[in-house]
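Student: Single-letter residue listing:
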Amino acid sequence: MSSEQKPFVTDDTQVQTETRDARMAGADDRFNSKLREAFGSSPFILTKFDKFMNWVRGSSMFMLQFGIACCSIEMMHTYAIKHDLDRFAAGVPRASPRQADVIIVPGTIVSKFAPRMKRVYDQMPEPKFVVGMGSCTISGGPFQESYNVVKGAEEVIPVDIHIPGCPPRPEALVYGIAKLQERIANGESSPVTVKPYELEQFGDLERDEIVDKLAEQIDEDDLVMRYNWADSP
Amino acid sequence: MSVEEQEPQEDAVQERSRGDELADLLGDLVISREEHLNAPGFVIRPDQVQETLFKLRDEAGFDHLSCVTAQEYEDRYESIYHLTKYDERTDEVSIVVPTSKDDPVSQTAEPVFRTADWHEREAYDLVGIRYEDHPDLRRILLPETWQGHPLGLDYDQDRPQIATLTEHANPLAQDSRGDEGNTMFINIGPHHPATHGVLHVETVVDGEQVVDLDPDIGYLHRSEEQMCQMGTYRHQIMPYPDRWDYISAGLLNEWAYARTAEDLADIEVPEYAQIIRTMGAELCRIASHMIALGTFALDVYGDFTAIFMYAMRDREIVQNILEDLTGQRMMFNYFRLGGVVWDLPEPREEFFEKIRDFIDDLPEALEEYHDMITSNEILQARTVGTGVLPPEVAKSYGATGPVARGSGIDYDLRRDDPYGYYDKLDWDVVVEDGCDNFSRLLVRMREVEESAKIIQQCVDLLEDWPEDERNIQANVPRTLKPDEDTEIYRAVEGAKGELGIYIRADGTDKPARFKIRSPCFSNLQTLPEMSEGEYIPDMIASLGSLDIVLGEVDR
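As they're listed, the protein sequences go chains G and D.
Heads up: the first sequence is residues 1 to 233, going by the UniProt record's numbering.
Heads up: the second sequence is residues 1 to 555, going by the UniProt record's numbering.
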């Protein structure tokens, strides 16, 4: 396991987010089996068992049926005949996040959608993995200068695999999934980078001009996502 | 191209007299006149919008509000109503409504054309013009809590914004809405397999029946208009149209921009390039209709079964051909102003052979679809007589494309406002008058046949084209700077309907205002009309039969 590798973190004081903290707490939690907790000692069997579990995880992935934009068309082609992602043990799209292990983020994320995507991601059970498909999930892609586009999926949820392209070809997506499976089977997790946008209660936001303006419109305990466009890459 | 040269002149002569006629009709309502490249423009007072539009609709027959463009100038705001006719597309008129900078209030056009509802909401959202007496003037594309109007002149893009998650919170928390009956509020989407993307449908149901329905859009608002306003005419805009209607309809969208900009900058396209364009565009139409077919079957049957896979199989073939032609599977970026970027791939015989094989196999494939879909009793039971959209309603909402043609409206820009090579080819406009989900499906399937016919003829033409006359691009200056204050609105027949673009030039190499008229945006507006009072599964089928693509709805 690569748990000794320290995740890459930039400015710690600025960014404290729950998902990242969860991932940073010691070894990546997603790979700790309940059995390890229960038995603690007897490392030999459990090491093997963990390896086995990781292999199983990588070999049977349920994808979330999650279409956002252009890339989802290529994603459909990847699921359909000819490319047939199912051959690689990763082909059954699940309509509910509760049943899915992997979320492929296929497209541009805009301000109105980011909170919903975060919610969908939160609804998936651990261990969960994210594949960012296309340039938009890397940096905002061709829409990076837009007033409404979030500059990459990683600003909202942690991403394990990035697949560049606009859109990536189905072959590229298959390759990305295969790489993800390889990493899961090896028990590797990805470093978590800076992720400034988190759902938080409106009352917890620092008071400033825009918060004051919206105070009448939004309840204190409503969940909101605040976009600091000026700080975006 | 001699025929192309003559046409605009004829139009101009006709329009001049037409403009005078309309000026006589409108009389005192007109403050002053403008000349747009596509139509005469009349400036009117902001409190006489309805009067003017009623007059034009009822007395001059302008029954199609194609688009509403809003924009901000240094000294004023302006809404432009682009009117035309379903029966005669080339008869156009622009109604320009200026409003003051301090108090941008203008009368709503919603009582005249119901499609103005959403168009004006978008104008309010992005530009900031308020429409008096509008039934429901709130933001449509951006979150309700957004600050400022992003296409206004003084918008600061770096200001922080806040979006809430609770707008459409847990549906169980508010399980009744309205005053009486046991109604329940359901969110369908924005993440839902049946919404074809990130559409959110706020539905109120009474038992199994839809009582009230409100499509909530904007989950894919990528500010395409802003991106185009930031790009130069010559090269930087062309990649974006591919991403409006991204279901492989790229070339159709590119044509919308190409046509508008070519008319704006007065560029002639060589005939050879027009044939390549026509062929490519029709291939895209087939690819687009295939996915409409596959996902519609998916919606109705509810599983990733044979039909979806068959449709994808045929799409793969089209995509391979398009990849040979353009070098990309989806985001082609193949058109250039004045032509296309490169000639057909070598060896040409092989390429033609590939297309011919596809066209030859198509009847058999369609036969298969008809076996599985249209002659299937289950599907018939689900689609015949559901999602009824009468033609008058469709017109009032500005529906176009297969949605309009499925309601018996004989309207197709390829024939009614000819461009490219369509008017020299032999093909028919497909119209079905069932007005229901089944008709819309049939229209798409029959259009695939017509497209195949067009492609066949284009291939024949291209094959016999003399080798030394293969001119793929006109001579276009490196930097295009159309004259200041030239305005144009042009449309083409996209896969989903009338895809129009309004451009106002300001003398620089970038457009001052770039407005996209998306066919899906108008078509989606008809959903409440089709579904209210019907069963929920029929609503899903209607949504599928509209064949919306959210990239184009939200832009």
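What the hints contain is simulated information worked out from the structure, not anything from laboratory work.
Honestly, I wouldn't trust all of these hints.
To be verified - Under the rule of at most 27 Å between Cα atoms (straight-line distance), these lysine-lysine pairs were calculated in the BS3-like manner:
1) D:Lys101 - G:Lys213
2) G:Lys128 - G:Lys118
3) G:Lys82 - G:Lys179
4) D:Lys453 - D:Lys354
5) D:Lys55 - G:Lys82
6) D:Lys453 - D:Lys481
To be verified - Stretch-level coverage of chain D by chain G, calculated; a stretch enters the list once three of its residues show a Cβ under 8 Å from a Cβ in chain G:
7) 71-84
8) 446-459
Keep in mind it's a predicted model, so treat the numbers as computed, not measured.
Yeah, the Cβ is synthetic: ideal placement off N, Cα and C, and Gly gets one too.
Student: Each hint should be assessed against the structure and marked as holding or not.
Tutor: Going down the list of hints, with the structure as the test:
Using a Cα cut-off of 27 Å, the hinted pair Lys101 (chain D) and Lys213 (chain G) holds, with the two alpha carbons roughly 23 Å apart. Simply put, Lys128 (chain G) and Lys118 (chain G) have alpha-carbon atoms about 13 Å apart, close enough for the 27 Å limit, and the pair holds. With a C-alpha separation of about 20 Å, the suggested pair Lys82 (chain G) and Lys179 (chain G) falls inside the 27 Å cut-off, and the hint holds. Note on Lys453 (chain D) and Lys354 (chain D): the hinted pairing holds, with a Cα-Cα distance of about 15 Å set against a maximum of 27 Å.
Distance restraint check for Lys55 (chain D) and Lys82 (chain G): the Cα-Cα separation of roughly 57 Å exceeds the 27 Å cut-off, and the hinted pair is therefore not satisfied. For the given pair, Lys453 (chain D) sits about 39 Å from Lys481 (chain D) by alpha-carbon distance, which is inconsistent with the 27 Å threshold. Requiring three or more residues with a Cβ within less than 8 Å of a Cβ of chain G, the coverage given for the stretch 71-84 of chain D is violated, as only 0 such residues are present. For the stretch 446-459 of chain D, the proposed coverage by chain G is not satisfied: 0 residues have a C-beta within less than 8 Å of a C-beta in that chain, short of the threshold of three.
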